[in-house]
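Input sequences plus hints: build the corresponding full structure.
Protein chains: 2
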Amino acid sequence: MAHPTVAFQGERGSFSEEAAYKLLGPRIRVQPCETFAATFESVVRGRTKFCLVPIENTLAGSVHENYDHLVNYEFPIVGETSVRIVHNLIVLKGVSFSGIRRVFSHPVALNQCLDFFARNPQIERVPFYDTAGSVKMIAEEKLRDAAAIASAVAAEIYGARILRKSIEDDRRNFTRFFLLRTPVYARKHPVRAAAGAPWKTSLVFSMRNIPGALFKALAVFALRDLNLTKIESRPLRGKPWEYLFYVDFLGRADEPNVRNALNHLGEIADFLRVLGSYPKGA
Amino acid sequence: MAHPTVAFQGERGSFSEEAAYKLLGPRIRVQPCETFAATFESVVRGRTKFCLVPIENTLAGSVHENYDHLVNYEFPIVGETSVRIVHNLIVLKGVSFSGIRRVFSHPVALNQCLDFFARNPQIERVPFYDTAGSVKMIAEEKLRDAAAIASAVAAEIYGARILRKSIEDDRRNFTRFFLLRTPVYARKHPVRAAAGAPWKTSLVFSMRNIPGALFKALAVFALRDLNLTKIESRPLRGKPWEYLFYVDFLGRADEPNVRNALNHLGEIADFLRVLGSYPKGA
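Protein chains in written order, with our numbering: chain A, 524 to 805; chain B, 524 to 805.
Derived from the structure by calculation, the hints contain no laboratory data. Don't take every hint at face value.
Pairs involving identical chains hold if they fit within one copy or between any two copies, as the list cannot separate such chains.
[Claimed, not checked] Below, a list of computed lysine to aspartate or glutamate pairs in the DMTMM-like style, where the Cα atoms sit at most 25 Å apart:
#  : residue 1 : residue 2
1  : Lys-762   : Asp-692
2  : Lys-753   : Glu-557
3  : Lys-665   : Glu-557
4  : Lys-545   : Glu-765
5  : Lys-762   : Glu-691
6  : Lys-762   : Asp-693
7  : Lys-762   : Glu-588
8  : Lys-803   : Glu-765
9  : Lys-762   : Asp-793
10 : Lys-616   : Glu-647
11 : Lys-572   : Asp-591
12 : Lys-753   : Glu-778
13 : Lys-545   : Glu-597
14 : Lys-762   : Asp-748
15 : Lys-762   : Asp-638
16 : Lys-753   : Glu-588
17 : Lys-753   : Asp-793
18 : Lys-753   : Asp-777
Below, the structure is given as structure tokens:
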């Protein structure tokens, strides 16, 4: 599979693009999309083979919209990776720090660089729709009194320069991404990993609202020594105060003890769907 | 305690104000705040005795910012209630439906009335910062070609008129609110409820990242037949891929079996805090 195309949300140079290179190598083609829904639609309509979406960030938490899309679009997860979010101060070539009057970026990125703004009160923060998009805009408008906060990839793509590296307040800032494709392609080209490398499986289920329901569901894994790495709840539409549970655990859906666990969960869950098995990300 | 003051986020006439009346009666005084953080700060600074915040919505899910505030501000939860989110089309007196060219409201409210806009393509949707605030603005600006989408309370407060009741797509749209106060007041004036009425307790904990950790934590409740009503996970700052768990269950912290459950959870949790016991909302 030479040069597959990957859809992601945001402009060229986003952290999603970095995640795509990490998972599929540098020779892919990329398809930037305006919204998360558009990245899934891009696969539905056959414009791209893959889509890649952020699922959680270690500071901000889960990206709930994408959890909802995982259920609505029935694409298997075929890969995961995480990217350290490094916020760089980026300017046009020849612009010096003393010339910067305002800094453009996505509001979340601006909020993750509060120490920098506290040390530089002369610089105005300007919220923009996208991190990489703010570099693109500065380059297009040739703004010489402004900077952007974005990834190193964005600086490279738009021919800009990193003036200050890694100005984020907290370096323990990682985003985890899922790579998805159509069920047909996922069956035709199953993911391979090094022998003995760990796998993860993601699934979603709902339980009747009975005492101890979630405990019984988790027993399915605990009784087989399957290690949960994440659990997330989302409201069940049309059933106020009932929830869908998303679970990630170490193991592969075709291993015997995982198959047994899934059968066991099927006995007691109202709804159950395996979202995919994939090599555990670094 | 006559006429206590309650802080909430949003303009007068918000759904939070409706929740405050439901919990504390019609004779309270209210303190609208710009942000959720400001409602907590209002209690910290002694300007209000109570603050009231939304914690989850049956369509949109949890309000994660407020989960984070529950840990950072150590105020006990002393009450809960839920309010059905009814979106009304509101205009100035004398304005007829055929005169409406645009509708102002919070983007979430606009998105929950898509059927109405599909049936009326001649009407433009205009995102505004607040539902009740859009009624206030229409009244102040005396706009006669515009409507707002907001609560019935907002129409009453700003002297406007409900032209169409309940235009939301999905009536199973409820928001749950927590009422909080300072620990000192909560101790001095403990909440009372009718004898035999059900109580709920909310708590937050973290576990070491060991196999079966969450299963062991939930066993604490299941082994004592304590019924969980909600579980929510949030990232633990500074420990990537570890989580805080928020749990609500039926029972009161000073009942013997609940005390035993809390002691048991204390044995195995890295961190545990009871956020409050309060009468179960209607």
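Taking the hints in turn, this is what the structure says about them:
1. Lys-762 / Asp-692: Between copies, since 15 Å is at most 25 Å while 40 Å is not.
2. Lys-753 / Glu-557: Answer is neither; intra-copy 28 Å and inter-copy 34 Å both fail.
3. Lys-665 / Glu-557: within (23 Å within a copy, 36 Å between copies)
4. Lys-545 / Glu-765: Cα proximity of Lys-545 and Glu-765: across copies only (23 Å, versus 37 Å in one copy).
5. Lys-762 / Glu-691: between (41 Å within a copy, 16 Å between copies)
6. Lys-762 / Asp-693: Between. Shortest inter-copy distance 11 Å satisfies the 25 Å Cα cut-off; intra-copy 39 Å does not.
7. Lys-762 / Glu-588: Both. Shortest intra-copy (18 Å) and inter-copy (24 Å) distances satisfy the 25 Å Cα cut-off.
8. Lys-803 / Glu-765: between (30 Å within a copy, 16 Å between copies)
9. Lys-762 / Asp-793: Result: close within a single copy only, 13 Å intra versus 34 Å inter.
10. Lys-616 / Glu-647: Answer is within; shortest intra-copy Cα gap is 20 Å, inter-copy 43 Å.
11. Lys-572 / Asp-591: within (21 Å within a copy, 38 Å between copies)
12. Lys-753 / Glu-778: within (20 Å within a copy, 31 Å between copies)
13. Lys-545 / Glu-597: within (24 Å within a copy, 42 Å between copies)
14. Lys-762 / Asp-748: Intra 32 Å, inter 24 Å, cutoff 25 Å: inter-copy only.
15. Lys-762 / Asp-638: Between copies only: 20 Å across chains, 44 Å inside a chain, cut-off 25 Å.
16. Lys-753 / Glu-588: The answer is both: 17 Å in one copy and 20 Å across copies each meet 25 Å.
17. Lys-753 / Asp-793: both (21 Å within a copy, 17 Å between copies)
18. Lys-753 / Asp-777: For Lys-753 and Asp-777, only the intra-copy Cα distance (20 Å) is at most 25 Å; the inter-copy one is 31 Å.
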